[in-house]
Amino acid sequence: MEQQPLALGIDIGGTNTAFGIVDRRGQVLAKGSMPTKGYSTAHQYVKALAKEVAPLIKKVKRQHITGIGVGAPNGNYYTGEIVQAANLEWHGIIPIAEMFREAFGLSVTITNDANAAAIGEMQYGVARGMKDFIMITLGTGVGSGIVANGQLVYGHDGFAGEVGHMIAVRDGRECGCGRMGCLEKYCSASGVAYTAEKWLDVRTDKSLLRDMKGKITSKTVYDVALTGDKLALDVFDYTGMLLGQTLADVVAITSPQAIVFFGGLAKAGDMLLKPVKKHLENNLLHIYKGKIELLQSALPDADAAILGASALVW
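For the sequence shown, position 299 (counting from the first letter as 1) is numbered 288 according to the working numbering, and the numbering increases by one without interruption.
Read the hints as simulated data drawn from the structure, not as lab findings. Values in this document were obtained by computation on a predicted structure and should not be read as measured data. Take the hints with a grain of salt, since some may be wrong.
[What the hints assert, rightly or not] Straight-line distance between alpha carbons at most 25 Å, and here's what the computed DSS-like set of lysine-lysine pairs gives:
#1 Lys263 x Lys280
#2 Lys266 x Lys280
#3 Lys256 x Lys204
#4 Lys36 x Lys50
#5 Lys26 x Lys50
#6 Lys187 x Lys219
#7 Lys187 x Lys256
#8 Lys36 x Lys48
#9 Lys36 x Lys20
#10 Lys40 x Lys26
[Unchecked claim] What follows is a list of derived Cβ distance ranges for each label pair:
#11 Gly217 x Asn76: 29 to 37 Å
#12 Gly3 x Tyr67: 18 to 26 Å
#13 Ile276 x Thr30: 51 to 59 Å
#14 Arg117 x Thr30: 37 to 45 Å
#15 Val49 x Arg90: 15 to 23 Å
#16 Arg192 x Asp212: 15 to 23 Å
#17 Gln(-8) x Val158: 52 to 60 Å
#18 Arg90 x Arg159: 22 to 30 Å
Glycine included, C-beta positions come from ideal geometry on N, C-alpha and C.
Generate the whole structure from the sequences, applying the supplied hints.
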């Protein structure tokens, strides 16, 4: 029987790097991980990564690996570089694709982590067969990948689709990008926790969250909201309002069939997506009303990053 082509998927996160060998069906044949932090230079990191990945390549036989797909913060599809990634220890412009090619002797394709998630969803998940959809990743920040006419939208310089840095609240919270009021300061996991903490200072109603002040996470807010706690429920409604309003504007640009949600905060399910749907529909141009599906990612949590990165190879 002929051997299926394989891809090496590498997801570079701010804390850890996940990697795995994946076939065209999305089956992860072998995988591993290592810390991203602790290497003073990108060259030291790549050398250590090559050593960790070597046993996996040996296990499946190198000649069957078609190429390497890399998802990375601020990864540029056109240049193969990581550009000014705030959550990595090596700053500036890192020619990561070239470094991987030298280390592994294989072709390399790179993009940012949210774009990789979109491609993974299109290849293996709920967006399979869709030509127009938006991927929204809700984690520490808010990432996005926009697929239009069957193609990921990169823009002229590789940095298109930064929905998380659209202004949700004029003159609002200061974002790490230096601007004020970006969506990710409100609709990320950290944004939800921040909203809850701030509201405890200005509201007087009773809430179980008061006993957790200073230690609140988005998971805390979710768990408390499940008890019917009004303040916690209001936090999710506010978050959903801002996300729904912003996505209504994005819909007007690409007219997607669906919006797919992925990441830790997306696990809140209807607690978040019901208010998102409500405020999305309330703010859509009438020609789009009732046409946009809101879906949760079907990629398995443990392998989603690897699958997204590997899908770049195909």
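Against the structure, the hints:
1. Using a Cα cut-off of 25 Å, the hinted pair Lys263 and Lys280 holds, with the two alpha carbons roughly 16 Å apart.
2. Proposed proximity of Lys266 and Lys280 is supported: the alpha carbons are some 11 Å apart, at most 25 Å.
3. The hinted pair formed by Lys256 and Lys204 meets the criterion: a straight-line CA distance of about 20 Å does not exceed 25 Å.
4. Among the hinted pairs, Lys36 with Lys50 is consistent with the structure: their alpha-carbon atoms are about 20 Å apart, no more than 25 Å.
5. Under the criterion of a C-alpha separation no larger than 25 Å, the hint pairing Lys26 with Lys50 is inconsistent with the structure, at around 29 Å.
6. A distance of roughly 15 Å separates the Cα atoms of Lys187 and Lys219; the hinted pair therefore holds under the 25 Å criterion.
7. Pair hint Lys187 plus Lys256 holds up; C-alpha atoms about 23 Å apart against a cutoff of 25 Å.
8. A hinted pair counts as satisfied when its Cα atoms are at most 25 Å apart, and Lys36 with Lys48 qualifies at roughly 19 Å.
9. Distance restraint check for Lys36 and Lys20: the Cα-Cα separation of roughly 18 Å lies within the 25 Å cut-off, and the hinted pair is therefore satisfied.
10. Restraint check for Lys40 and Lys26: satisfied, since their Cα atoms lie roughly 16 Å apart, inside the 25 Å limit.
11. Distance hint for Gly217 and Asn76: a CB-CB separation of about 36 Å, consistent with the stated range 29 to 37 Å.
12. For Gly3 and Tyr67, the hinted distance range of 18 to 26 Å is satisfied, since their beta carbons lie about 23 Å from each other.
13. Range check, Ile276 to Thr30: about 52 Å between beta-carbon atoms, so the 51 to 59 Å window is met.
14. Take Arg117 and Thr30: their Cβ atoms lie about 39 Å apart, and the range 37 to 45 Å holds.
15. The hinted range of 15 to 23 Å is satisfied by Val49 and Arg90, whose Cβ atoms lie roughly 19 Å apart.
16. Between Arg192 and Asp212 the C-beta distance comes to about 19 Å, which sits within the given range of 15 to 23 Å.
17. For Gln(-8) and Val158, the Cβ-Cβ distance of about 53 Å falls inside the hinted range of 52 to 60 Å, so the restraint holds.
18. Remark: the range hint 22 to 30 Å for Arg90 to Arg159 is contradicted by a beta-carbon distance near 45 Å.
Hints 5 and 18 from the earlier list are contradicted by this structure; the remaining hints agree with it.
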